[in-house]
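A.B. asks: Residue strings, one per chain:
2 protein chains.
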Amino acid sequence: MATTRRIAPAEPRRRLPDVPEGRRRAVIEAVTPEIDGGRFPIKRTVGETVAVEADVFADGHDQLSATVRYRPETDPEWSEAAMEPIGNDRWRGEFAVTEVGRYRYTLRAWIDRFGSWRRDTTVKIEDGQDVTVELLAGADMVDKAAGRAVGLDRRLLRSFCLDLRTGGPVGEKAALSVELAELMVRYPDRRFATSYGKELEVVVDRERARFSSWYEVFPRSTSPDPTRPGTLRDVIGWLPYVAGMGFDVLYLPPIHPIGRTHRKGRNNSTTAGPGDPGSPWAIGAAEGGHTAIHPELGTFEDFDALVAAAGDHGLEVALDIAFQCSPDHPWVTEHPEWFRRRPDGSVQYAENPPKKYQDIYPLDFETDAWRELWAELRAVIEFWVGRGIRVFRVDNPHTKSLRFWAWAIRELKADHPDLIFLSEAFTRPRLMYGLAKLGFTQPYTYFAWRTSKPELTDYFTELTRSEVREYFRPNLWPNTPDILTAQLQAGYRATFMARLVLAATLGASYGIYGPTFELMEHEPIAPGKEEYLNSEKYEIRHWNLGDPRSLAPFVAAVNRIRRENAALHTDRGLVFHPVDNDQLIAYSKATADLSNVLLVVVNLDPARRQSGWVHLWLDDLGAPRDAPFEVGDLLTGARYLWAGSSNYVELDPGVLPVHVLRMGGG
Amino acid sequence: MATTRRIAPAEPRRRLPDVPEGRRRAVIEAVTPEIDGGRFPIKRTVGETVAVEADVFADGHDQLSATVRYRPETDPEWSEAAMEPIGNDRWRGEFAVTEVGRYRYTLRAWIDRFGSWRRDTTVKIEDGQDVTVELLAGADMVDKAAGRAVGLDRRLLRSFCLDLRTGGPVGEKAALSVELAELMVRYPDRRFATSYGKELEVVVDRERARFSSWYEVFPRSTSPDPTRPGTLRDVIGWLPYVAGMGFDVLYLPPIHPIGRTHRKGRNNSTTAGPGDPGSPWAIGAAEGGHTAIHPELGTFEDFDALVAAAGDHGLEVALDIAFQCSPDHPWVTEHPEWFRRRPDGSVQYAENPPKKYQDIYPLDFETDAWRELWAELRAVIEFWVGRGIRVFRVDNPHTKSLRFWAWAIRELKADHPDLIFLSEAFTRPRLMYGLAKLGFTQPYTYFAWRTSKPELTDYFTELTRSEVREYFRPNLWPNTPDILTAQLQAGYRATFMARLVLAATLGASYGIYGPTFELMEHEPIAPGKEEYLNSEKYEIRHWNLGDPRSLAPFVAAVNRIRRENAALHTDRGLVFHPVDNDQLIAYSKATADLSNVLLVVVNLDPARRQSGWVHLWLDDLGAPRDAPFEVGDLLTGARYLWAGSSNYVELDPGVLPVHVLRMGGG
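Protein chains in written order, with the numbering used here: chain C, 1 to 666; chain R, 1001 to 1666.
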């Protein structure tokens, strides 16, 4: 076909490009961190830094400059941090976040024409070439930079310009001048700078979002008098105990009125006896729903008193958000449109076929009245925020609309950026990560079921080394009211100690469900089940906190170590070290500057003494290769002189199944 | 602060969400292929498929459905391909591209409420529960689906609906019916379907973009008469030779008038003798520039005759696009604004300090007249397209504006989707990949310098197993006029044979610069240099194609094998197999259905016989584990009976340094 075409005059075929600016030669690609192409924010806490990397390149051989631009969402002015090349066209820059709320960051890159000129001219001067014309070209650039500069800098640039125009040795000296190069970096020609097309986001939380120690207790089990249920006032009496163990979040299961219809009895029996209190998660009764307090627990005055007293003990009260209803919940009659009906007109109760949960009505997030439902649920949280609560543990968020959570958390944190939401989703990995991405501050994890060395190593490598670490801040619980693992059921004291130390040192945030944990409750409801026998979910318990076998003093020691060692305040800086014994796991946690480095060794075998050689990555510990170094056990006060990368450890579970060693001595 | 707040009536604080539709419960994430968050298209050729994967999940336990939606860019109607779960919430679907041009694809997912109902109801029926109410709920869904259906399907759905309403064994049978389940899949309830927010792109090229065999020749060296330079008409005389070797692209270095100012002499000397023809890349003289033909080569009529004759031989002519100018190029006077001036008023020639190239003026892509420059450069390519050229080899694209290429290639391919652009950039990896992403059809590679087994294995694993394979279609050249590698300089015939087979079988596209390659030219201009002695870049050569030592018959045999074996028509399906001898490399290429499987073994040592055991990944070869299998050498006709994964090979470079074996015999 083409051979029949004639050579037309070229003019009419020339279409000018419909491109706003074709002279932007720098390219910015493969930016990290960037979650799902920028659809989700990364997370930081106040005072942390964001290290941004990108591929930055351009055609040809010119030098480049690049910056990270960042600002709090509420501040229209961008700040800039210079980026530096780290090899293979990869660049890196960082900035610190100093306020709670949202930040934005993006990048900018441009041809550093003066830098290219200086590099090339230096080569020519060293080669002995005549650079008269080059010096004049440089002078033009310096002159223009002077026009962008102010004050003393302008005067200095004008002076250098004169030197370059003078030429000869004076001009050459100016061309090679480091002072001039530094001045020129401050007044770059960015007319043709490339902006990265996206603004990426950081959610900046307060420190507790990153470093927190949780203690869960059922208020109704806190009575000092075995003849009556515990109250919120009784919880106040527990505060010295909980604070004394070193916790900073006191999490209460739902405190709302409990339904009577289909109420569960002790040990999850389907019929409740007359004295059975029911599950706190069967929320709602004639006395009220999600914004009411169970009359037996006390009044709003009691609640306020508890929140205030907890604050005096350095404890924050965390409430449970469980968006589901007992059949007696006021919403069931006030908003029947929020519940799905079956063809026979009955409400669709919760099911996991063939099992049925007639005592729980799920909310229907596909209701036509979803807008009103969302608004009401958001108002529930807002209500408790209004009573001074800033930390929420969200029950089974993965069985409610993900879009709802994304919206509600975003809206609530816009007004209250200090809110913390813990996601209680034990489900498939994508959904766990999805919840963290859409806005939950912290998630529960699979930690309870990761018990062997390879399981722990793989899981925490994934959580701390992959992109996941940018948005998923694990909160490690060795037990919960629903989770008494087979490992704990064996009842070894050493297992409880080891799991506590693993949770408290592998994770910057962790929690225990007490007092079952420190009192080492370990009887399951039936063999092969993870439910506790005589679970507090269905009955009121009374606890002997003074039990001499209690692990409370050990818990207190571990939490003291956590507070005193900055390496444990972050999930970054975790490194596993090989041990030639599968029952011993060793890992270090270190601050970025290696000023605080801990090495933890845990005997995973609760029954037998285990020993072996730990092969240390000395550089990650900041330990010398050619000199002995001291390590001190923070639990026992013992000190050891170690040398080189291989060192012997022996742990007797009958004595203490863990070493928590600090480099440089205890 | 919170303790001073009173319980306000909740109503005034309730803000209805500003969200268009909150009932879209499915989430779509982590879509592959998706290059840089969708900023760049992937590449395919006509007839290939695009396998799309994504994380698809939702809250709760409902079943999901998902589809890939796709369409040619010019077609407003979407087609759909069902996706299937492949584990861990990952889904997969694929579609074929059947037309050159651009395609778009995106995804859609929704809750499969009928599927969830069927799964749950099945469990209840098997558990012996009364499902009367469930059957009525199912009947409602089937009734609504009937409303969406047409014809016979509607009638069938109405009938199933009736059965479900009837209940009892009739209703239960309908609930379990596979026919009903299949019907319901065809009429899903997608009111609340989630659309993936982006439309991703595929550039679909013709087959030659994926599978091509290039031969480069300097037209001025094709004269049968040693006393005069070759012409385009002489190239016609070479067509039987080139086509006889099995090539399908005939690539000519620039055919334009060559500048006289600062013309280079033989062996790159800075002063040309009176008879020196100059470098074809010093484009432009009084006779014209990029749209003119060097008078010594011939006329446009000759050019058209060559293009037509090449087509008759199954060869496409590829032209060289080198956007740079000799000082005598018409643009230098007609468009002085396209060239950067030095302060002394002279044009800034090309430099690589301290080296200077006064015979080449680069175009200034930062000129204020960049729009006119872009338009003119695009018009140059359009001009040659108008003369029947569809394949262009672009000289050093990485030293011109990347934005220009992105625009020009996009514009040109919009009008001529069959165009192929080969990027001649030997530069840093990010820039090589960047050029491929922005639109170049094929790139040159580092192949020439990847000579050892680990180098070849690592490089081709990166190119064929990472995301790079979606947009970077390597074109492998063992030599070019600029690249005579140290390995080839040693002059071993076995090296030339081995490099040819590696290029022709590791890559679906490859090329040689002839006749230097098949005549095994190997003298460098100086020790340690990669330039040829007496390079055709600076002088006219005359070749003895009838040289009995020529590799032409071997080249012909290799290209015949390429044509006859579909496994070699794609870069997919490459698998390396271990050999217990570092001098032997083994790899297989296979079609997706394993109907065509080749195993190539190359002795990388040109001087010594090498032998060893190849450890085959039998599954990748489609070979049986428990029975012998025949392999046939496609070069020698020899047949071998092999068994199991370990088989002995021995290659004597003095005879033949390669095996090209086909599974199932020759």
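Hints are computed from structural coordinates only; laboratory data are not their basis. Careful: at least some of the hints might be erroneous.
[Claimed, not checked] Using 25 angstroms as the maximum straight-line C-alpha spacing, the simulated BS3-like pairs for lysine-lysine come out as follows:
no. : chain 1 : residue 1 : chain 2 : residue 2
1   : R       : K1198     : C       : K198
2   : R       : K1356     : C       : K173
3   : R       : K1198     : R       : K1413
4   : C       : K356      : C       : K529
5   : C       : K355      : R       : K1124
6   : C       : K529      : C       : K198
7   : C       : K356      : R       : K1453
8   : R       : K1529     : R       : K1453
9   : C       : K198      : C       : K124
10  : C       : K124      : R       : K1356
11  : C       : K144      : C       : K173
12  : C       : K124      : R       : K1355
13  : R       : K1198     : R       : K1356
14  : R       : K1173     : R       : K1144
15  : C       : K356      : C       : K453
16  : C       : K529      : C       : K355
17  : R       : K1355     : R       : K1144
18  : R       : K1124     : R       : K1173
19  : C       : K124      : C       : K144
20  : R       : K1173     : R       : K1198
21  : R       : K1198     : C       : K355
22  : R       : K1413     : C       : K124
23  : R       : K1124     : C       : K356
24  : C       : K173      : R       : K1355
25  : R       : K1144     : C       : K529
[Said to hold, decoys possible] Derived list of chain R stretches under chain C, where covered just means 3 residues or more per stretch with a C-beta under 8 angstroms from a C-beta of chain C:
no. : segment
26  : 1030–1042
27  : 1050–1064
28  : 1326–1333
A quick note: this is a predicted structure, and the numbers were derived from the prediction, not measured. Cβ coordinates follow ideal geometry from the N, Cα and C atoms, glycine included.
A.B. asks: Tell me the numbers of any earlier hints that the structure contravenes, in ascending order.
C.D. replies: Hint check: 6, 7, 9, 13, 15, 17, 20, 21, 22, 25, 28 fail, others pass.
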